[in-house]
Amino acid sequence: MHLILAFRAFFAALFGRRLPPEVIPVGLLPSATGDDGSGTAGPGAVGDDRAMAETLEELERLRSSVAQLQTALAARDVELKAYAEAKTRPDATAKAGANSSANSGAKANASASAPASAPQSAKTSSPEAVAVTTLALLQTQGRLLDFLAEDIGPYEDADIGAAVREIHRDLKRTINEHFKIVPIRAEEEDARIQIPAGYDPLEVKLVGNVVGKPPFSGVLKHKGWRAAEVRLPQIQDGTRNLVVVPAEVEI
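Residue numbering for the sequence shown follows the working numbering, beginning at 1 and increasing consecutively.
Hints are computed from structural coordinates only; laboratory data are not their basis.
Bear in mind that the values here come from a model prediction, so they are computed numbers and not experimental data.
Fair warning: there could be bad hints in the mix.
[What the hints assert, rightly or not] As a list, the in silico DSS-like pairs of lysine-lysine whose alpha-carbon atoms are at most 30 Å apart:
(1) LYS205 x LYS221
(2) LYS221 x LYS180
(3) LYS223 x LYS205
(4) LYS223 x LYS180
(5) LYS213 x LYS223
(6) LYS213 x LYS172
(7) LYS180 x LYS205
(8) LYS221 x LYS172
(9) LYS172 x LYS223
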């Protein structure tokens with residue numbers, strides 16, 4: 001019986017109509033009458049119809065999934081063909097080669113016309129070297145790393161306060177010498193402000209119950225800081241070996 005249901009469901013899903021009875025082998029075709037020969041469908045026939053309906057629904061879902069997959073594959077095939085055509089396009093290759101030759105020639109001419117005594121330009125400083133240089137300034141002028149490495153647990157609060165006052169003064173002077181720090185927002189903290197659409201998420205961080213799209217209204221909890229100017233010493237070697245300050249040895 002399950003085999004007949006499967007055949008019927010597949011035929012109906014494929015051709016949109018019922019399976020002709022003449023193609024079903026003799027003995028497998030279910031009787032139109034109930035078990036008592038009364039001509040009414042028994043419980044088994046009702047169950048078979050329900051199972052067939054469920055099978056048809058499952059086949060329809062499978063056919064829909066196959067259609068979606070075929071559409072996606074076709075779109076992907078179009079993208080791959082376009083990419084292959086762009087890669088093999090002769091004019092693009094020739095243009096790239098011409099640009100490369102022109103750039104090489106311009107660099108060669110610039111090198112030839114440069115004075116022989118001109119020093120080589122300094123290498124671009126790596127982010128690590130810039131960070132280490134900043135730490136070096138804070139250490140040499142404010143003793144920041146020494147203070148952070150010190151175990152202040154055994155000291156009294158009064159002693160710590162005196163040391164912190166001196167470190168605070170030196171670090172503030174160092175920061176002001178090498179950076180111009182300005183607030184991002186001009187409003188006072190705890191003031192209610194408006195954040196318009198198109199705001200810069202690097203400058204404004206939204207916290208709390210952020211729902212929907214801007215504009216937003218909220219309370220300013222911190223003004224934020226921006227480095228308007230940076231005046232770090234010139235770093236000639238980008239590979240500084242991450243030395244903040246050298247060890248000192250008295251001879």
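How the hints compare with the structure:
Between LYS205 and LYS221, the direct Cα distance comes to roughly 10 Å. Compliance with the 30 Å bound is thereby established for this hinted pair. For the suggested pair LYS221 and LYS180, the alpha carbons sit about 22 Å apart, so the restraint of at most 30 Å is met. Using a Cα cut-off of 30 Å, the hinted pair LYS223 and LYS205 holds, with the two alpha carbons roughly 11 Å apart. Under the criterion of a C-alpha separation no larger than 30 Å, the hint pairing LYS223 with LYS180 is consistent with the structure, at around 16 Å.
Under the criterion of a C-alpha separation no larger than 30 Å, the hint pairing LYS213 with LYS223 is consistent with the structure, at around 22 Å. Annotation: proposed proximity of LYS213 to LYS172 is violated, straight-line Cα distance about 39 Å (limit 30 Å). Proximity of LYS180 to LYS205 is assessed by CA-CA distance (about 22 Å); at most 30 Å being required, the pair is judged to hold. Distance check on the hinted pair: LYS221 and LYS172 sit about 23 Å apart at the alpha-carbon level, within 30 Å; holds.
For the given pair, LYS172 sits about 19 Å from LYS223 by alpha-carbon distance, which is consistent with the 30 Å threshold.
Violated hints amount to a single one, hint 6; each of the other numbered hints is respected by the structure.
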